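Fit chain B to the known structure of chain A by using the hints.
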Amino acid sequence: KAGVTQTPRYLIKTRGQQVTLSCSPISGHRSVSWYQQTPGQGLQFLFEYFSETQRNKGNFPGRFSGRQFSNSRSEMNVSTLELGDSALYLCASSLRGDTIYFGEGSWLTVV
Amino acid sequence: SQKIEQNSEALNIQEGKTATLTCNYTNYSPAYLQWYRQDPGRGPVFLLLIRENEKEKRKERLKVTFDTTLKQSLFHITASQPADSATYLCALPPSGSSGNTGKLIFGQGTTLQVKP
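Chains as they are written, first to last, in our numbering: chain A, 1 to 111; chain B, 1 to 116.
Excised from the complex, chain A in its bound form:
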């Protein structure tokens, strides 16, 4: 069974640009969550989608958004990038919503 797949794995963007990250969950998993990980703040929850609806949202500015498609694949978008957005962005999927399975993440560097 394939795990959670995230693309791209690495990317470099310039301040002010926007970025879209993609996530394919484990087959059959309908819940997809996104997390940001930085050395200073650790793992922080961004948002969760279930059946194309946002079910939970973390404390991030509106520049961070996401969506989920009918096949459970998800994307997150960050607009007007700031240097502080440099981080590892992790997608996770779950079947029942308790145990979550992470992808390898997308490393975003903002210069």
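The reader is advised that the hints may include incorrect statements.
[To be verified] Mimicking BS3-like on lysine-lysine, the simulated pairs with C-alpha atoms at most 25 Å apart in a straight line are:
#1 A:Lys57 to B:Lys103
#2 B:Lys57 to B:Lys3
#3 A:Lys57 to B:Lys57
#4 B:Lys57 to B:Lys103
If you are wondering where the hints come from, they were derived from the structure by calculation, not from laboratory data. This structure is a prediction, so every number in the text was calculated from the model and none was measured.
Okay, now just chain B, sitting in the frame of chain A:
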């Protein structure tokens, strides 16, 4: 507000010994607690989930305890090996949640280094 604390100092132990990591939480009573392992540059990997009505759970060389009175979980790795070297994270569902959510609150993690 809810808070999760893990020992921020790295834990260095000798191969073959038992490693014990601590996770303390305050200000709420979670329905369950989870432990994850994270290697540098990679996503966390789920290890164990223990529910509030369970005192202890085991999986191969791993053992987790959950003391809801002390608001503490202990994570043990017996007969530790250099391959166990990683950062270990504990995670809880948010306050007021009955569980079944992809939203977890993570501790900062404890780095374990097992020396041969």
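Hints, verified against the model:
1. A:Lys57 to B:Lys103: holds, 8 Å
2. B:Lys57 to B:Lys3: holds, 23 Å
3. A:Lys57 to B:Lys57: violated, 31 Å
4. B:Lys57 to B:Lys103: Roughly 23 Å separates the two Cα atoms, so the pair holds.
The structure fails to meet hint 3 from the earlier list, while all remaining hints are met.
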